[in-house]
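Enquirer: Take a look at the letters that make up each chain.
Protein chains: 6
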Amino acid sequence: MQLSLSTWTDIEQYLKTSDAIIIPIGSMEQHGPTGLIGTDAICPEVIAKRVGDEHGVLIGPTFNVGCAQHHLGFPGTMTLRPSTMIAAIADWSLSLAKHGFKKLYWFNGHGGNTATIQAAFAEVYAQRSFEPSPARQPALRMTSKNWWELPSVMAKCKELHPSGDGMHATASEVAVTYAAYPDQVRNQTLEPKIAPIGSFTDAEHYRANFPDGRIGSDPTQATIEAGNTIIDVTAQALWADFQKFAQS
Amino acid sequence: MQLSLSTWTDIEQYLKTSDAIIIPIGSMEQHGPTGLIGTDAICPEVIAKRVGDEHGVLIGPTFNVGCAQHHLGFPGTMTLRPSTMIAAIADWSLSLAKHGFKKLYWFNGHGGNTATIQAAFAEVYAQRSFEPSPARQPALRMTSKNWWELPSVMAKCKELHPSGDGMHATASEVAVTYAAYPDQVRNQTLEPKIAPIGSFTDAEHYRANFPDGRIGSDPTQATIEAGNTIIDVTAQALWADFQKFAQS
Amino acid sequence: MQLSLSTWTDIEQYLKTSDAIIIPIGSMEQHGPTGLIGTDAICPEVIAKRVGDEHGVLIGPTFNVGCAQHHLGFPGTMTLRPSTMIAAIADWSLSLAKHGFKKLYWFNGHGGNTATIQAAFAEVYAQRSFEPSPARQPALRMTSKNWWELPSVMAKCKELHPSGDGMHATASEVAVTYAAYPDQVRNQTLEPKIAPIGSFTDAEHYRANFPDGRIGSDPTQATIEAGNTIIDVTAQALWADFQKFAQS
Amino acid sequence: MQLSLSTWTDIEQYLKTSDAIIIPIGSMEQHGPTGLIGTDAICPEVIAKRVGDEHGVLIGPTFNVGCAQHHLGFPGTMTLRPSTMIAAIADWSLSLAKHGFKKLYWFNGHGGNTATIQAAFAEVYAQRSFEPSPARQPALRMTSKNWWELPSVMAKCKELHPSGDGMHATASEVAVTYAAYPDQVRNQTLEPKIAPIGSFTDAEHYRANFPDGRIGSDPTQATIEAGNTIIDVTAQALWADFQKFAQS
Amino acid sequence: MQLSLSTWTDIEQYLKTSDAIIIPIGSMEQHGPTGLIGTDAICPEVIAKRVGDEHGVLIGPTFNVGCAQHHLGFPGTMTLRPSTMIAAIADWSLSLAKHGFKKLYWFNGHGGNTATIQAAFAEVYAQRSFEPSPARQPALRMTSKNWWELPSVMAKCKELHPSGDGMHATASEVAVTYAAYPDQVRNQTLEPKIAPIGSFTDAEHYRANFPDGRIGSDPTQATIEAGNTIIDVTAQALWADFQKFAQS
Amino acid sequence: MQLSLSTWTDIEQYLKTSDAIIIPIGSMEQHGPTGLIGTDAICPEVIAKRVGDEHGVLIGPTFNVGCAQHHLGFPGTMTLRPSTMIAAIADWSLSLAKHGFKKLYWFNGHGGNTATIQAAFAEVYAQRSFEPSPARQPALRMTSKNWWELPSVMAKCKELHPSGDGMHATASEVAVTYAAYPDQVRNQTLEPKIAPIGSFTDAEHYRANFPDGRIGSDPTQATIEAGNTIIDVTAQALWADFQKFAQS
Ligand code: NI
Ligand code: NI
Ligand code: NI
Ligand code: NI
Ligand code: NI
Ligand code: NI
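Chains A, B, C, D, E and F, in that order, are what the protein sequence lines are.
Counting in the working numbering, the first sequence runs from 1029 upward without gaps.
Counting in the working numbering, the second sequence runs from 1029 upward without gaps.
Counting in the working numbering, the third sequence runs from 1029 upward without gaps.
Counting in the working numbering, the fourth sequence runs from 1029 upward without gaps.
Counting in the working numbering, the fifth sequence runs from 1029 upward without gaps.
Counting in the working numbering, the sixth sequence runs from 1029 upward without gaps.
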C-alpha cells in the first residue's frame, strides 16, 4: 500500500488499524561509472514497496534528494544542505502527525543521510520538549534504519560478494538497482577493479581521492540475481523490524 | 533519460549536448475520495518521462511533496512550508548549476505550488543579483509550467469532460493517474456529482467548504482512455515548449 | 483612515465595526528614466488612501520594499529576498491577527511581488493548519490584488494609452505617480519610443535585455490628467472589491 | 531628494557626488490615547525629508515597522521579530551597497529598534569579515542615530516640556507628529496626567504596567508650535551630524 | 552554586527557593598583545562564580563565544553571527523557562554583545506577545548587565588606572584576568603606550585602525592586585543588583 | 595551551607550526541524582586540557550546551535545537578557518551531539562544495570523536566498572567529573542500583522511562581514582589520535 497511490479515505481507513508508516529516504548522487545516480533512493523504495505490497503496510513517498554535498564533484549529483533537510523532514513528519500517525519508520538508503536524519528527529522532538506541560503537539516516535544494517542483510551481501562489496557504489546496492531496473545493467571494466578506500570532506576533496566515485568497491560483479536475493532478504528483515517498531 | 537511472558519466555526456533539464514537481495531497494522493506528482512525472523516453531529454527526480497546507484536513496529505520549499528548490537548482546545467524547466502538477516555485526562482536569482560584478555564481534560467496550461491541453481536457472537469481532483488529472496506474481505478459514486466551488485559506476552512476534498469536479467520469489521450497531447506540448526553452 | 495616523483607541473602536484592513504593498525599483523608483509603492498607497478617506476603511502602513532582485542592475533599486519578505509579511499579519483583524486585503502595486505574497499567505496559513485541533491561532483570511487587475481598470488604462502602455514602467502607473506628485513629472525623450518586451531572470540578464529599464512601454505619454482618471477608476473598483471581501 | 521620488538616472547622478544616504527607520506602535501609531516612523521621516529638501541629501524609503512586540497588547501595533528585522535591514543594506552606496545613516525614531539595528549592522559586517581576503563584498559603513539624541535636541525638548516629556509617547514626539499632521491633533484628558514609569518585558507585562500605553509622559501638552520647533532644531542637528558621517 | 556542577536534584531544590539565575556571557576575541582572547568570558565568569560561591546563587554555564566579527582580523578570534546568537540565547532561555526559572540575569563581559542580547530578549518575548491570550508560554523576565557598568565599578577602575584604562583591552579587564589566571600575566612593552581611539565597522576596518587590537588602552599597567580589587568591588555590586532583580 | 588563555600574538605564533586545534564539545544535561549537569562538557574539557598542557596543542573554548532536548524533563538541562547548533558550529568553524586553521578536531562528550555535529560538518563543507571552482573558501577538515570511543578507553572503563557502567550517567563519566571536581563527589544510594535501559524520543517520554535520569548505569561506584585513571588513558589516546589527524 502506497500513500501516493491511496485516496484520503484509504488512509482514513488505514489509520483505524495502524498508526505506523514506512518512508523510504535516499539520495541522488553518483555511484561510480556503472551505478545509477538514484541508487540510494531506489534501494529503500523497492524494498519498502515489496513489504507494502506483501503485508499491507503503508509506504510513504520517497524522500529522494538527501545529503550528498561530497559527491557534487560528479555530474548529476544533487543535495540538500543539512539545514534544509532538517526543515523538510520536520514538515513531512508534522504533516503525518497531524493525521494521527504516531510511528514513523524512515527506511534509509544513504549512509550520508544518517546524521542529518537523527538531527531532524531531535529538531522535531525538541519542539514538543520545549512545550509547557501538557504538550499540545502529539507525541511522535521516529526511527531510521539503513537497509544494509538490518539483521542478516550484510551477511548475505558479503556472501554474494566476498571481496569488493565496498563502501560506496557497493556491488550489493548496484545489484539491487539492476534487479529493479534490468534494462539499466551496465557492463564496463573499471580500473582499478576494487576502488581505493579513505575518508573525505567536501566535493573537491572527495573527487581528488576517489576519481571515479567508488569507495572500496567492485560493482562490476553486481548481477540481477544477486539483487533479487538481497531484495528478498532485506524485505523480510524490514518486515520483522517494522513490526517490532509498530508494536512498541 | 532519467537522472535517477543515469550514471554520472551519462550526465557528463549529456552535458556536452545540452544544458537543459526537466524536473517534475508535484504534491502529496488528497484528491477526493476517488483520486490518488500522489496525483499532482504522478501527472508531471508520467508526462515528463514520456518525453524523456521519446526524445532523450533528461528528466530529474520528482519533487514530490509541495505546498499543500490547505489539504491537511484530509488524512494522507503532506506539505512543506513555503519557506522550506524555497530552500529545497534552491538547493536542487544550485546542485544542477554546479554541473553546468543552465536551463531548469520545472514541470508542475499542482496549482498550489506555482507561487512558491516563482518565489524560489527569485530567491536563487537574488543571490546572483546581490553579487558584486562580475558574479561568480553561474547564470541560471528557470521556468515553471503547469501541465494543464500547455497549449491545447486544456482544450482537450474540456473536450473530454465538457462538464465537471473542475478545479481540484479534476476528471482530467484523475484520468491521467488511472492511465498511469490502471489497477488504481476507483469506482464510487460521489455526492454531489459535481463538487462545489469557492476559495479557501487554511486546512480547517478548506475542509469545511469542500467536505470530500473536490472543488468543482466530477472525477467519476475519469477513464484510462481519456488519461492516455491527455498524456499524449500533453507530452507533445511539453516537448515543443521545452525545445523552445532549451534553445532560448 | 490610516493606521499610522490613528491612536490605539481609534483602532479599538474600528475593530468594533470591522475586522478588515487594506495594506498597500509595493516595491522600490527602477521604472525607467522617467518613472519614479517608488512607483509601485506610490500607486497602491495613493489609491488605498483615497478609499480610506472616502469610506472610513482602515489603511495599513505601506509595505514599501518588495521583490525586485531583477532590477538591482539599476541604481536605487532595493529588494528583499523572498524568504525575508515571507517572514516580514507573516509578522505583519500575525500582529494584526493578535488584535482581532481577520481579513487582510493586500493591495499590490508590483507584479514581481505576487508570487511571494501568495507564498507568505501559505506560510501563515500553514502554521494554523499544522496545529492540533482546535487551533489556538485565530483564523485569518488574506487576499492580494494587483491594482491594475481590478475590474475595468485595465480597460481604462488601454483606453488612455492605446499603444505602449507596456509591462514595466507603464504609462499608466507613471501617470498615477505624476498625479500623486505633480512636481515630479519628467519630460524626456526615450529611445526607442516603445521599449522592447521579453522575459528575464536575474539583474544582469534584465539590464542586458532592457537597457533603460522599461519593458514594452512608452511612459512619456503619461499625464497628470490620465493619472487622476486612473486613480478615480481604481479607487472605485477597490472599494467595491474590498467590500465583497470584508463581507465574505 | 527622496529615493522613492527619484528615477534610477537621478540616483546614478547622485552617486557621482555622494555615496551616503539617510534612511528613516521607525515603528508602528501605540503611543497612548492621543499619540499616533505611526509616531516613531513619522518623526524621523519628517525630519529627514526636511534635510533632504534643504540640502539635496538622498533620503531612502522609511523602514516603517520595527521592533514593537511589547506594544502588541494595544490594538494597531505591528512588529517584526528581531530576526526578521535583521534579515530585512541586511537586504536593504546590500541592495544599496550593490549600487555603490558606502555610507548608510539610519535615522531612528524608536528606542526599541536600537539594539536590533546594531545587531543587523553586525550581521552585515560579519558577512564581509568572514570572507577570505581580499573580500569581494564592498566595504560598508553604517550608523544609527536616534533623533532625540542628536546634539541640543533633548535640551530643546526639556525646555519645551520641563515636566512630563516622558519616555514613551513623549510630549515632544507627539508634538512633532501634530506639526506634521495638524489635522490629527487630539484633545483629550489623560489620567493620570503624567503616566507611570518602569520597565517591561512582553506585551502582557507592558499593558499590565502601563494601562493606557504611555510611560512617564504627559503628551497632552504637545502643540503644533513645539513640534515645528523640534523639527527645526533636529533637522539642523541631523544635517550637521550626517555631514560628518558622510565625510568620514 | 554552579549549574554545571549541580545535579538535577540540586536544581529541583534550588527552584523551591528561587526562580532566578545568573548567566555569564562573554566573547572569544583578541584583547591586544597582552590580553587574553577569553578576557570577556573570564571576567563575568570569575565574578559571577564569586557571587555564586558566597551567596548560593545559581550560576549558569558561560556563553563563551559572542559577537566579535570586528575582531576577526586577529588570529584566534571567534564569533557568532548575531542571528545565530539570537537563536542560541533563545534556546538557552526557553530551556531554563521549561524548568520554572522566571528571571534570567545575563552578566555580560563584552560591549559588542549588548545589542544582540537585547535583540534576543525581544525575540523571546515576541513569541509570547504573539500568542493568543492566555499565553501558554510562561512569562520570563530577562536583564543584561555589563560588569563595568554596575554601580561604583567604573569609578574603581578609573581610580586604579586614571589614564589609559581605555575602551578595548582595558587595563581593568586585563587585570581581572591576571587575577584569575596569575600564570598568564604578560610583560611586554606596547607601542604606543596608549592605543588610539575611534570607531570601526568590519574586521578589515578594525585592524586597519587598531593595528595591535587595543582601543584607547594601556593594559601594561594591569596587575593582579588591581584585578582582585575589581573582582571584589564588582562581585559586591553584582550581588546587590541581582538581589533587586530577583525580588522584582 | 588554551585559546581562551592565549593572546592573538600567541595564536599567530602557533599557526606557524600547526593548523590544527582541539575543541571540546559537550552538553548541559541531567546525569542522574549523583552526576553533574555539566558532565558531558567537563569530561572532554578536562581531558583536552591535559593534552593541551602536556603537548602544547591548542585547545579551543568548550562548546558547552549541546543537543539535550530529551533531558528537558529534568531541572537544569539546557539544549540547543539542532538547527541552532549547526549554525553555531558553522560560525565557530568559519571563524577558525579565517585565521588559517585547517583541521578542527571536535572532542565530544555527549552521544546525543554526534549526529548534529556531523550534520554541521556537512553544512560547512556544502558551502564550499556549492562554490564554483576554484572555491574561494579555504578547505577545512573536521572530525569528531567521542572520548569513550578512543582506542582502549572503553576497555579500561569496563575493567574499572565490569557491571553497571551503563549508557547515560555512566560510572566512568561520573568518575571523571569527580576526579576533576573532588569536592563534588555525591554519596547517595540509588534505586534500582542499576538503572533500566531502553530508547527514548522526547523529554516526556524519556522521563517516563528513566525516572531518575540514568540509563543502564550504577554511577555510585564512581571514584576519584577511577576517574584519574580514565583521564590518563583517554588523554594518551587523544594525543595519539589527534597527532594522526593533524598530520593527515
Ligand atoms: Ni549508495
Ligand atoms: Ni491536483
Ligand atoms: Ni511598476
Ligand atoms: Ni515613540
Ligand atoms: Ni573585553
Ligand atoms: Ni554523559
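It is worth saying that the hints were derived from the structure and are not from the lab.
Careful: at least some of the hints might be erroneous.
Put simply, identical chains are the same to the list, so a pair is met inside one copy or across any two.
Straight-line Cα separation of at most 20 Å, SDA-like style, residue types lysine to any residue; simulated pairs [said to hold, decoys possible]:
| # | residue 1 | residue 2 |
| --- | --- | --- |
| 1 | Lys1186 | Glu1232 |
| 2 | Lys1221 | Gly1084 |
| 3 | Lys1077 | Arg1164 |
| 4 | Lys1184 | Asn1174 |
| 5 | Lys1186 | Thr1248 |
Enquirer: Any hints this thing doesn't respect? Which numbers, in order?
Expert: 1, 2 and 3
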